[in-house]
Each structure stands twice: as C-alpha cells, then as structure tokens.
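Student: Sequence:
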Amino acid sequence: MQAQNHSIKSWAKADRPREKLLSKSPMHLSDAELLSILLVTGYSKQTALDIARDLLARCANNLFELGRMSAYDLMKIKGIGYAKAVTITAALELGRRRQTARVMEQPVVSGSADVANHLRQLYQDHHQEVFVVLFLNRANMIRHQEVISLGGIAGTVADPRIIMKKAIEQEASSLILSHNHPSGNLKPSRADEDLTQRIAQAARLLDIRVIDHIIVSQQGYFSFADEGLL
1 MQAQNHSIKS WAKADRPREK LLSKSPMHLS DAELLSILLV TGYSKQTALD
51 IARDLLARCA NNLFELGRMS AYDLMKIKGI GYAKAVTITA ALELGRRRQT
101 ARVMEQPVVS GSADVANHLR QLYQDHHQEV FVVLFLNRAN MIRHQEVISL
151 GGIAGTVADP RIIMKKAIEQ EASSLILSHN HPSGNLKPSR ADEDLTQRIA
201 QAARLLDIRV IDHIIVSQQG YFSFADEGLL
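Position one of the sequence shown corresponds to residue 1 (the UniProt record's numbering), numbered consecutively onward.
There's no promise every hint is true.
[To be verified] Each computed DSSO-like pair below joins lysine-lysine, with the alpha-carbon atoms no more than 27 Å apart: (1) Lys78 x Lys45; (2) Lys13 x Lys24; (3) Lys13 x Lys45; (4) Lys20 x Lys9; (5) Lys9 x Lys76; (6) Lys9 x Lys78; (7) Lys78 x Lys20; (8) Lys45 x Lys20; (9) Lys45 x Lys9; (10) Lys45 x Lys76; (11) Lys24 x Lys9.
[Stated by the list, open to error] Pairwise CB distance ranges, derived in the manner of DEER restraints: (12) Tyr43 x Ala14: 23 to 31 Å; (13) Ser189 x Asp15: 52 to 60 Å; (14) Leu21 x Ala225: 38 to 46 Å; (15) Asp226 x Gln46: 49 to 57 Å; (16) Leu205 x Asn61: 47 to 55 Å; (17) Leu34 x Glu227: 34 to 42 Å; (18) His28 x Ser189: 46 to 54 Å; (19) Leu22 x Arg161: 50 to 58 Å; (20) Asn61 x Arg161: 43 to 51 Å; (21) Asn140 x Ser10: 56 to 64 Å.
Honestly, the hints are just simulated from the structure, not real lab data.
Nothing here was measured: the structure is a model prediction, and the numbers come from that model.
Just so it is clear, CB atoms sit at the ideal spot from N, CA and C, and this is done for glycine as well.
Using the sequences and the hints given, assemble the complete structure.
Tutor: So this is what it looks like as structure tokens:
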C-alpha cells in the first residue's frame, strides 16, 4: 500500500525519514533516507525517497561518487531541480569541511601527511585544478588557507605576485603550496616544478620559506619536500 502512495506524509510516522531521525538518530537512517530529507518533496509519480534511491543507483550506491557529482549532474535526475541540487551540493561540501576542520585546529603542522589528507578531503572531488596556499606563522601554525586560482581539467596558473601579497597580508613566515590533479596522476609536471621554484625564489626575497608543495588526487599525494625537490 505504501509503495503505491507517492506521499511520504501518508506513511506511518515511524517510517517517515524526518520523524525517524528525530525519534532515533541519523545513524539509523539509510543513505537514501538521509538524502530524501534534503530533497524534502517528490513529484506526482515518486516520493523524495524514490528519487533519492534513483540518485544513489546513478552513482552505484557509492557516496564517494555522489560527492563528485556537480549540481548540474544532479539536475539530470528526474525530480531534482535547481533548489534540490544546490541543497545536496551544499550538504556534501559541509561534510567535506567538517572532515578537514581538525587539521586547522592543530597547533603545529608536523608533516606532509596531515596537510595532504586535509587537502585531499577538500579538493580531490574537483573536476578542475585548484591551487591552494596555506600560510603559516613562525611556530608552523596555519594562520590562513586560500584558493589562489581555479583552472581547467588540464591545469591552472598561480601568480607568485598574488601569493606574496597574501603572505605579507597574513604575516606568514612560511608557505605550503598545493594543487590537485583531476586525472589522478600524482607525478608533478615540468610546469609544476618550474612554478614551485619561481614561488620559492620570490618568497626568499621576503624572508619567507616555501616548506612544501603537495599534489593531491584520488590516488593519494605527492610531496615535493618528501621527495627532496625543495
């Protein structure tokens, strides 16, 4: 009977995702039920839960693949319009930021792994290259993090002058450079190496040290410092 009724409001309260979340906990809900709460409503032929199941089926029930979908990808699913797509995209981004919040709270950057994991969580799902700089004080504490440039699938360009200006504004003593490789390949290109050296040379003139350049992708990370390239 419930399978034929396209309104969740007609379901028993114990079966409705929102009521179920409040009476139990989010842990008791399936991925589809959690998504249906974000969708809020369905349409004449499908409930929000039906649409959520269709969406998950589209990404092989893999939340990692769901996280890689853009708002425009989401809008290709019948029943998901502009508002619903934006809501889901925002929720996924909040999840990423929550996962990465801990590294920003740590008092001192102790190695490439902590920073790399933080950056991977934030940027590995992007389909375009993103160039990010972490600005550190003398105690190796992260004072600020900023996206310097967005590029295409093949690359991005970061202007050393912009980075130095930001470093002075943040009173940074050292920098960690980073960008992602949407292709998954972690090997730095010749352009990556040249840009790293140009930024490092510019920083030295201001008594600022570039302590690492980290490339991240779904496959892991590559650290210039760990590989002796800085």
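Student: Sort out whether Lys24 lies within 27 Å of Lys13, counting only the CA atoms.
Tutor: Within the cut-off at roughly 12 Å; holds.
Student: Would you mind confirming whether the straight-line C-alpha gap from Lys45 to Lys20 stays at or under 27 Å?
Tutor: holds (23 Å)
Student: Between the alpha carbons of Lys13 and Lys45, is the straight-line distance 27 Å or under?
Tutor: Distance of about 21 Å is within 27 Å: holds.
Student: Just to be sure I understand the hint, the distance between the Cβ atoms of Leu22 and Arg161 should be within 50 to 58 Å; is that true here?
Tutor: Once the Cβ atoms are compared, 53 Å apart, the range 50 to 58 Å for Arg161 and Leu22 holds.
Student: Does Lys76 sit within 27 Å of Lys45, going by the straight-line distance between their CA atoms?
Tutor: This hinted pair holds, its Cα atoms lying about 17 Å apart.
Student: Please check whether Asn140 and Ser10 have a Cβ separation lying inside 56 to 64 Å.
Tutor: Once the Cβ atoms are compared, 58 Å apart, the range 56 to 64 Å for Ser10 and Asn140 holds.
Student: Could one say that the CB atoms of Asn61 and Arg161 fall in the range 43 to 51 Å?
Tutor: Once the Cβ atoms are compared, 47 Å apart, the range 43 to 51 Å for Arg161 and Asn61 holds.
Student: For the pair Leu21 and Ala225, does the Cβ-Cβ distance stay inside 38 to 46 Å?
Tutor: Holds - the Cβ-Cβ distance for Leu21 and Ala225, about 45 Å, lies within 38 to 46 Å.
Student: At the C-beta level, are Leu205 and Asn61 separated by a distance inside 47 to 55 Å?
Tutor: holds (53 Å)
Student: Can you let me know if the beta-carbon spacing of His28 and Ser189 is within 46 to 54 Å?
Tutor: Hint holds: Cβ distance 47 Å, inside 46 to 54 Å.
Student: Against the range 49 to 57 Å, how does the distance between the Cβ atoms of Asp226 and Gln46 compare: consistent or not?
Tutor: About 50 Å separates the Cβ atoms of Asp226 and Gln46, which means 49 to 57 Å holds.
Student: Check the following: the C-beta atoms of Ser189 and Asp15 are separated by a distance inside 52 to 60 Å.
Tutor: holds (53 Å)
Consistency note: the structure conflicts with none of the earlier hints.
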